[in-house]
Structure formats: C-alpha cells, structure tokens
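So the protein sequences, as listed, match chains U and S.
Residue numbers for the first sequence follow the numbering used here, beginning at 772 and rising by one.
Residue numbers for the second sequence follow the numbering used here, beginning at 772 and rising by one.
Worth flagging that the hints you see were computed from the coordinates, not collected in a lab.
Please note: incorrect hints may appear among the correct ones.
Which copy is meant is left open, because identical chains are indistinguishable; a pair holds if it fits in one copy or across any two.
[Unchecked claim] Subject to a maximum C-alpha distance of 27 angstroms in a straight line, what follows is the list of computed DSSO-like cross-link-like pairs (lysine-lysine): (1) Lys1095 <-> Lys914; (2) Lys914 <-> Lys972; (3) Lys893 <-> Lys879; (4) Lys1043 <-> Lys822; (5) Lys856 <-> Lys1125; (6) Lys797 <-> Lys1043; (7) Lys918 <-> Lys822; (8) Lys877 <-> Lys934; (9) Lys1027 <-> Lys892; (10) Lys1012 <-> Lys893; (11) Lys1124 <-> Lys943; (12) Lys963 <-> Lys877.
There are 2 protein chains.
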Amino acid sequence: MLAASAIVLAACGNQNKMSSNSGSTKTELTGTNSNNNYQSVIQDGHYQTSKSAGVNQQQTSNQFNLEGFQHGLLDISKKEFSPNKYVFQEGQQISTEQTYNWLGRKTKQNPEGLNPDQPDKKIVPEYLQQIDEQDFLQQNGGKLQLKGMTIGLGLNSVYYYTKEKYGAQYTKNLSDDEIEAKGKEMANEVLKRMRQRAATKDIPIVIALYKAAPDDSLVGGNFFAYSVNRGGATSVSSWNKVNQRNYVFPTAGNEKVPNANDEAAFEQFKNKAQSYFPNLSGVTAQAQYTDGTLTGMHVNIVTQFYSYTEINSFTQYLQTAAQKYLPHNVPIEITVGSTNGVQSYLNRGQDEKKFTAHVFNNY
Amino acid sequence: MLAASAIVLAACGNQNKMSSNSGSTKTELTGTNSNNNYQSVIQDGHYQTSKSAGVNQQQTSNQFNLEGFQHGLLDISKKEFSPNKYVFQEGQQISTEQTYNWLGRKTKQNPEGLNPDQPDKKIVPEYLQQIDEQDFLQQNGGKLQLKGMTIGLGLNSVYYYTKEKYGAQYTKNLSDDEIEAKGKEMANEVLKRMRQRAATKDIPIVIALYKAAPDDSLVGGNFFAYSVNRGGATSVSSWNKVNQRNYVFPTAGNEKVPNANDEAAFEQFKNKAQSYFPNLSGVTAQAQYTDGTLTGMHVNIVTQFYSYTEINSFTQYLQTAAQKYLPHNVPIEITVGSTNGVQSYLNRGQDEKKFTAHVFNNY
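Go ahead and model the full structure; you've got the sequences and the hints to work with.
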C-alpha cells in the first residue's frame, strides 16, 4: 500500500516544481510516494509515455509476459538505481521506429534487426520478442538529467511460425542455453549501440534478460540474468544470475513447485472457499519463487453470481481463511471477480501481519 | 478498509464455533471484522445465499439499482440492528417462489401478487421491481436466533412496457407521490404477511422503500423512506424520511447537484488527469448526497492503453491530484480500469486523511 510512511526524494528540496533544461518546459514529479516506489517525471503537465511500450503491446500475445516483463524489470532497476536517489522516466532514448527495427530480422532493408535473418525455405527462430527501456534521472544544478538506464530484452521460449500465410501454426521450443546465448549476444550489441549516443555514452546501463512464457501460459515468464555496465563500457563483462520462476496453482500434470507445502496450503484455502460459497467458478493462483522460496502469490477467485451482501460476507470469510491457511510472511494479493469485473480484493503486503480487504461498490 | 481495529461481536465468547438449534448442524461466523460491518453466518461450512437475490437479478435490468439497493438496505439495517450486537444472514424467510409471486401482478392464479392486476387493453404500471430480505440474528443460550429483519421494496420510477409481444418499448414515468403511496401500501401488506409466520411474528421488522433509477441511468436509485415496526405490530405506524440522492459527474444537461462546488472540484481533478495522461477514454464519478451534503464519491477512470509502469506512475499522480482537488472529509474511491479490468484503485475512507493506493499486477 502506498500508505502513510512516504519517503521523499532525498536530493530535491522543492521537488514538485523543478525547472528543466529548456527554459519554457515545466518539469514536475508525480508526487511523494511510498517506500521503494519511484517518483516519475511530468513535462508541462503531460506524462512522457514509453516509446517502446506500444510496440511490445502489438508484438506480445501473452498479456502476462508484457506485465511481468515491465514489473520485473522495474524490480531489477531498483537494485541499481534506488528510488530514493533516482526519478523514473519511461524510455525516451530508443525510438518507436528503432524498437520496430531492432525487433525485426537483420536484412538488407533492416540492418539494425537483432533477430537473425531467415534464408529461403529455412526455419530460423526469432529470439527477441520485446524491448523495454527505463530511464533514471537525477537533479543536477536544478535540472533533471539522465543518469542511468535499464534495458530489458524479452526472449521467446517458444517460436511460433506458419509455413505459409494463414497456414497452420507450428512451434519450435528454444532451449535455455540457446536463449541465454542469443540474449547475451544481443545485449552486447545493444550496449555498443547505446554507447554511440551522447546521452547514454557515459551512464551506467543495466541490461536484463527475460525468458517469455509460452502464449498459452497462465503466468508470465521470468528474468534469468542481468548485467550492470559502468559508464563507457562497450561490452558486458559479467552477468548476475536471477533465479526466479512463476507457477500456477493448482499445478498441471507433473509440474513440481519448489516447495510442495505452499501448494498444499493453497489447496486447503481453495477447498475452504469453494465449500463456503456455492457460486464459485474458479480459484487459481500465480506463485512467484525466488531462489527456491515463495516470494509472492496472487490469488484469483471468480464467482458466477453477484450480490453485494454475498461478496461482502465472502470477502470477510476469505480474510479469516487466507490468514489461517495461506503461507505466512509472504506478500499475498487476492481478487474476487465476477462477470461485472473485480468485486473485492484482499492484500497483505511484504511486512504486514494481517490482510486488509476492500469491497467495491456502486451508488 | 477492514483493517486493524476489528470489533468482536460482544455477546459471543466462543464466536467461531457455535452450535445451532439442530444438533448436527455446525454454525460458524465469517470471522472477526472491522467496525460497522456485519459478521455473517456459515452453516456446515456453507454460506446461506439469499432466497430473493437471484430473482432480483433476473428482474432488474440496471445493475446499479441492484447493487445500490442491497448496499443501501444494509446501511439502513445498521441503524436499527447494530453490527456489534447482531449477526447478518441473507434472507431465509421469504422463499424464492414467494418472491416471484409477490413481484407479480395480483390475479386469480397469483393472489399474493403485490403489483396491481391489469384488465384487458388497459395500461396499469407494475410498481414493485425488487424485494430484498436481510435477517439479523443474536445468540441465545448457545443458539443463533432470528431477532430482527429488514425488508426492502424496490419501486419503479419508470414503467417499461410493450403493447404487443416483441413490440416497441413504451415508457410511463411514475410520480414520486404515486411511488410513495403504492410503496407504503405494499409495506403494510408485507408486514401483515410476516406477522402471520411464527418466526417473524414478534421480532422488529424494518421496511424500507427504494426508488429505482431508470434503466439507462449511470447511477442507481435511492431509498426515500423506512419504518421501524416493533414486534407484533401489523401495520406501519410511522415513516422516517431518507433524503439521499445519487448523481453522475459530469452532470448532463440542466441537472443541478446540491453543491456546485463539488462538481467544480471534480472537473478540476478530471482536467488534471486528462492532461497528464494521453490515453484516457473517460473520467466520470458517482456522487452520493445525504440531506444535501456530499457523503461519498466513486470516481471511475478508463484508460485505453495498458502498461504497468504507466499505471504505476499515473496512480501515484492521482494520489496527489485527488488529495489536492477532490472534496475533503468525504469518503472517496477511485478505480483505474482498462479493457483488461481494474488496474489500480485509490481509497480514502470516512475518517482517513490521505488516500491509499494499490496497483494490481500479475506475475
């Protein structure tokens, strides 16, 4: 929750009204915010949207990959560019056109393509699926200046293709080794390109690699490596491993989660909820594991029928049941939805002991 | 928020495990809950759903009327049956079949119909649209017993009819005086019927009258009167007026809200939000006035485009803008939605000074 104990950006005295580089532009921040969440930049009252996000939106057919990619990238950024010291801005350096070109295959017409070319009648996978740039600014002599950058490369784990236009869809699974090798190769190329620009020549650039989940997955993919490249460095010298994976509860088939107790706990909660309320059409969860330990869970409950008092009582019941059955000391979010949208939600944050709940209602 | 300071049902020592009337039934409560919110009953692990709610669902074409009716009725119940002293149960006395019959016209086949009969070729409006029963229980010698009841009668403000099957739809506006007179007449009849049953003969019964909004309204109707009938009373002796109305901001045409400053404040907030973010497709609000004073506001913001970082920054910005521009000392709820559903929400409760915010995300 963006609650009481807001942390104010340390360096800025008069943070909500800063003059920027150009004399006529008025730069503001989105306002004080809670611990570990970035403030971001407003130029002349307008938010600077990302130049690459719209492209990713078109290219990515699994919404979870899109969301998990952006959210996970922000988490990696926080390790290097602390929200207490930097202001966030959506990527402004790699243009929309460049994003399209980089995501394309490398051909004569598109020399900037990061995906390999495909000679006639051969099947060569496209590895790169999405690119996201995040900019981090600091105040310098009354001006906000670009002082850091994170670039995420989202890589396919499955390559989807057709042999002819509108033909049947084929799939080719890409091995982890292959994805990692290609991703690291592309990272070097991207870093080299950023160093050829004045604005990004000398700033630290973090590059992170994300393995996208298959299109039919009910949970997004995961970051598996990132590199921190000091100002001026034109090739990646070392990689940090990220050991994070997402699972769906209940698990399908033979899939094994790192800790079976977590799924057993979820099952108990699920049974309790389904026994309580006759109109539930589904109880599922997304579970995130970091280094083999559960680090977050999103429970999604769908009801077929809507009545205010029923949702109200049900939410109250879930508050007790979640506290009792679901794993402790882990941030958990529960949403209750119907065909009319989200009806209520419960939340227990990282360091919170109890769930809070909110029931949505209309007048 | 159903937060920290939970009030525990005063009378119950061992509240989560109470034996009920029948030896084999296990009665539980939904658990401790926050101030001014009812605990409700679970029988053998199952929630007792309302017998009338499903009928209303079918009869009511405006979802806001359904939700506002149930929610508003609960608010009226709280005046007479304090959540600290009573446990809530969905209506169990008026059966589903009876609800159908009562909502029908009074004919030879349906002598219990509360709507008037319609002789051939005459247009006689149906006044009654929905019925909701809420039961209130107290513990007595280790058993939960029915000790109070609230019945809501939802009345049409517009009667919709066709002159032939599948023919064009006609409307007839019903005057406030007409609705009030018919509603009070029906209330007497309903009270009389409840007194003929052993379970409800001697308990206090609150009856409340609701004027439904037209089908195309973007906000629900309002309660305009309620009566408290002591145990045994077979006709209503006095009515309390309820002066509550809901409005949509921005208002349409010549509609006047009780306090123009509230709408001006909303407009400032709306302009700020729309200027900030280029991808907004709408900013509207439902505003509730009680005795001419703003007593609550639900703001609904719809964005066309979804990106996690954008929603995150936008939500942070809204938190500042809402605090600055929207009316103070009034509970306000703001939801930000996209085609993928609710993306974030902000809330400032009755006695809270600041907005809290939550951004939904997936793994």
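Checked hints:
1. For the homomeric pair Lys1095 and Lys914, the shortest alpha-carbon distance between copies (25 angstroms) is at most 27 angstroms, but the shortest distance inside one copy (51 angstroms) is not.
2. In this assembly of identical chains, the alpha carbons of Lys914 and Lys972 lie at most 27 angstroms apart only when taken from the same copy (19 angstroms versus 76 angstroms across copies).
3. Taking the shortest alpha-carbon separations for Lys893 and Lys879, only the intra-copy value of 18 angstroms comes in at or below 27 angstroms, while the best inter-copy value is 79 angstroms.
4. Taking the shortest alpha-carbon separations for Lys1043 and Lys822, only the inter-copy value of 23 angstroms comes in at or below 27 angstroms, while the best intra-copy value is 46 angstroms.
5. In the homo-oligomer, the alpha carbons of Lys856 and Lys1125 lie at most 27 angstroms apart only across protomers (24 angstroms), although the nearest pairing inside one protomer, at 31 angstroms, exceeds that limit.
6. When the C-alpha separation of Lys797 and Lys1043 is checked against a cutoff of 27 angstroms, the pair qualifies only between copies, where the shortest distance is 15 angstroms, while the shortest distance within a copy is 54 angstroms.
7. In this assembly of identical chains, Lys918 and Lys822 lie within 27 angstroms of each other by CA distance solely inside one copy; the values are 19 angstroms within and 63 angstroms between copies.
8. In this assembly of identical chains, the alpha carbons of Lys877 and Lys934 lie at most 27 angstroms apart only when taken from the same copy (20 angstroms versus 68 angstroms across copies).
9. In this assembly of identical chains, Lys1027 and Lys892 lie within 27 angstroms of each other by CA distance neither inside one copy nor across copies; the values are 39 angstroms within and 70 angstroms between.
10. In the homo-oligomer, the alpha carbons of Lys1012 and Lys893 never lie at most 27 angstroms apart, since the shortest distance is 33 angstroms inside one protomer and 79 angstroms across protomers.
11. Taking the closest pair of Cα atoms, Lys1124 and Lys943 never come within 27 angstroms of each other, the shortest separation being 45 angstroms inside a single copy and 55 angstroms across copies.
12. In this homomeric assembly, Lys963 and Lys877 come within 27 angstroms of each other (Cα to Cα) only inside a single copy, at 16 angstroms, whereas the closest approach across copies is 83 angstroms.
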